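Engineer: Next come the chains, spelled out residue by residue.
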Amino acid sequence: MSTDEVSRSKGILILARRTGMTDARLAAIEELYRAQFRAFVSVATAIVGDADEAFDAVQDAFASAVRRRARFRGDAPLEAWLWRIVLNSARDCARRGRRAPQPILDAEPSRNGHEPASPPTWLLDLTERQRTVVFLRYCADHNYHMIASLLGISEGTVGATLSKAHAALRPRLEEERA
Amino acid sequence: MNDRDPAFTGSLDRLAAPAAHKEPDWHDVMARASARGRRVAVAAALALAAALIVLTSALAVDRNLWHSLVGTSVDKAELAKENRKALMRIGATGPHVDLARHTANMARRTRQLNKMLRNYGDIRLIAHREGTSFYVIEPKTPAGQRCFAASRDGNPQPFGTIACPSKEEADVFPSPRYPILDISSIGADRENPSMRVLALKGFAADAVKSVGIRVGGRIEAETPVINNVYIRTSGLPTAGGDLVALDENGDVIGCAGPQASPSSGCSAPRD
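In order, the protein sequence lines correspond to chains A and B.
Using the numbering used here, the first residue of the first sequence is number 1, and each one after it goes up by one.
Using the numbering used here, the first residue of the second sequence is number 1, and each one after it goes up by one.
Source of the hints: derived by calculation from the structure; they are not laboratory data.
Treat the hints with care, as some may be off.
Within a straight-line C-alpha distance of at most 16 Å, the following computed EDC-like cross-link-like pairs (lysine to aspartate or glutamate) qualify [claimed, not checked]:
1) B:K22 <-> A:E79
2) B:K209 <-> B:D251
3) B:K22 <-> A:D56
Since this is a predicted model, take the numbers as computed values, not measurements.
Chain B on its own, in the form it takes in the complex (with noise of 0.2 Å):
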């Protein structure tokens, strides 16, 4: 027998058969993949928001968008052997480190360890508020990611919540499109179902002085952007509303949310 018995392959002719009536859909691949996006879309909102925040006018915003934005190296050496998991999970270009394979000797285990993380990214806390640390995770190549994260005070999670921009996009945060990447949790409860943000945070661009959330109008719970960070988890509206970045002179100049519209003074991003 040999690959062109024809016994052989009219077995496999027959076999694949049924395949053979299947006719390709690429509308339903695109669809599906359009479904599941929205049910990722609905979960995460109940963990965290990832929502990148509208630019309305690309001249209200500062040309230099990141000088401040340098914060304090972190020892990576000092990690938890959760965040050193999570770090070489993210912003990497390298393939992702088994950790299991490395049981065998725990001091030489962190050795090992420490030597493959230099070759993933470094990481840079930009500021602590309100029991919350924010990092930033630069990628060690050009190829890379740049990716955020924000993790509160004793959180087991390692860096609890994490945004990577995709470098595909033709503009990504910091930019004058996106001033703002809100990773702020959002939700509800018995209580009060509607959705609403519980705990407002995320990275802000140089020229974004303050955040908050307008609801009717009106914009609530103003929060100010220190150290290219916002964070506030009290006082906030107990509607659900449109997240505004606001300028120096009180202006908006970017908004997100579902009424986020040109005559509500925002608008969706530009294509």
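Just chain A, same shape as in the assembly (with noise of 0.2 Å):
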């Protein structure tokens, strides 16, 4: 083991006897983790606008809800509070980058020459809160109620800014079916 791996480790184990490691509640978010990693990262991905940025939010997220847990009251799923940290992450994330999603012009044709290779330009067509509400349907596979409860708003809002988001799109995907 090298030196770095030793007081990584040692920084672990302190944590570990500070925090009381072996508890329930960090295996169930550690458990959450692995289930929906890539679930994090790509609704991350649409706030921030880059998927290594994004990976670092997730982990910061989780690391702050490691540290956190004990403030966690059980009043609502454990998923739904990781899902919150994990949006607020990106969020500061994409303030202190003052980063949107980066436009992928033009995109290139990929080498079987079916589908673009590069995200779509689409994405710019929408706000913060469509492309939020948009990943956290389709990649996080949440229902309306799950989302309206991250989010802070109704159901009602969820349904009206995903009919918007599709609107927006229209267009755009049948330019690209064309």
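Join the two chains into one complex using the hints; note that each chain is given alone, in its own frame.
Structural biologist: Okay, structure coming up:
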């Protein structure tokens, strides 16, 4: 084991001793992290605009959740609590970097020529809330109730936001089909 | 277009593609949590120390740990505005109250605040020593958290220093394992760059009769515990050391600090 690894392990051990790492809540956080990692990073990418920064935001969010898990009161699902932390972390990251999702103009055809290899430009047509709702709905597979709870809006607003997102995307997708 | 629109879902998949290359790294999460914890600990040490003293002998502490911690009830209506805000943020089980929403009518706002404060914890003034008031903030419900605060006279900061031992811990102050909740100020200055106690203060269980700082085997700046609190702001060692809790026989029953070890008469927290 290298010196770095030793000091890292020591740090984790200290943290574990301080916080009582063997608790069930920590195990539940880790389980959700592993189970929904892709969804967390995808949604964070929609907000931050960069997969690497989104990964950082997710890692920081879970580090924060580990530290703050004693504050979780259990009056809402742990999953919802974690999602809120991830969303806030991604928004903070986006604000710090002032990054909007990067436009990939004139998407290049992939090698097989069937579809563009790069992310589509339609992302720019959506507001941050629309992007977040779209990704929470389709990447994280959350229902309207969950999305409404995470974003602090009504289910009706979720539906309306998705509807507006669809309306904004329709011309782009038809263009892409053509 | 609908949820199943292949062009739509295909676009989403492409957008999420960079994220698909990322692999979960729980070890990294824990390392970040640890690193952040260390940074917070260092920062906190510069402003205050919230170190819980470790007990070496559970038998040395009276079973009745908290009988004299009664104090005087503080009328929340007389609190300064900043203290009201602070009270709402701590020791409470309800949601945080945004005071900015209550700007319309000052008199009405005061009435509303007083009404809201009834839902939060009770404050008790435990002692006032050397220009510092020591408070205990009791939770309104069993799910709440007991907090301890100290504030110097004239300090514009609400409650000055606040410590809220986590209820998640199996054992919290006051207990045989943690007979003392120390909130001393620790720091250094240009003349003397070594980290040391600048102001010794905190709360103690009944069995603790005095608190001192052990430097090189000698106990210095021994300070009596009166009304479950201790404070000393002068005559403190110019070098860092362990904080030790002493019983009525002068025996060390708890200690904390970098040199705390069984060989020095102290032990790490028992798991």
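Engineer: Does D251 (chain B) sit within 16 Å of K209 (chain B), going by the straight-line distance between their CA atoms?
Structural biologist: Measuring from Cα to Cα gives roughly 10 Å; hence the hint holds.
Engineer: Take a quick look at whether K22 (chain B) and E79 (chain A) sit within 16 Å of each other, Cα to Cα.
Structural biologist: Given that 16 Å is the threshold and the Cα spacing comes to 21 Å, the pair is violated.
Engineer: Taking only the CA atoms, is the gap from K22 (chain B) to D56 (chain A) under or equal to 16 Å?
Structural biologist: Measuring from Cα to Cα gives roughly 11 Å; hence the hint holds.
Going through the hint list in order, the structure does not satisfy hint 1, though it satisfies all others.
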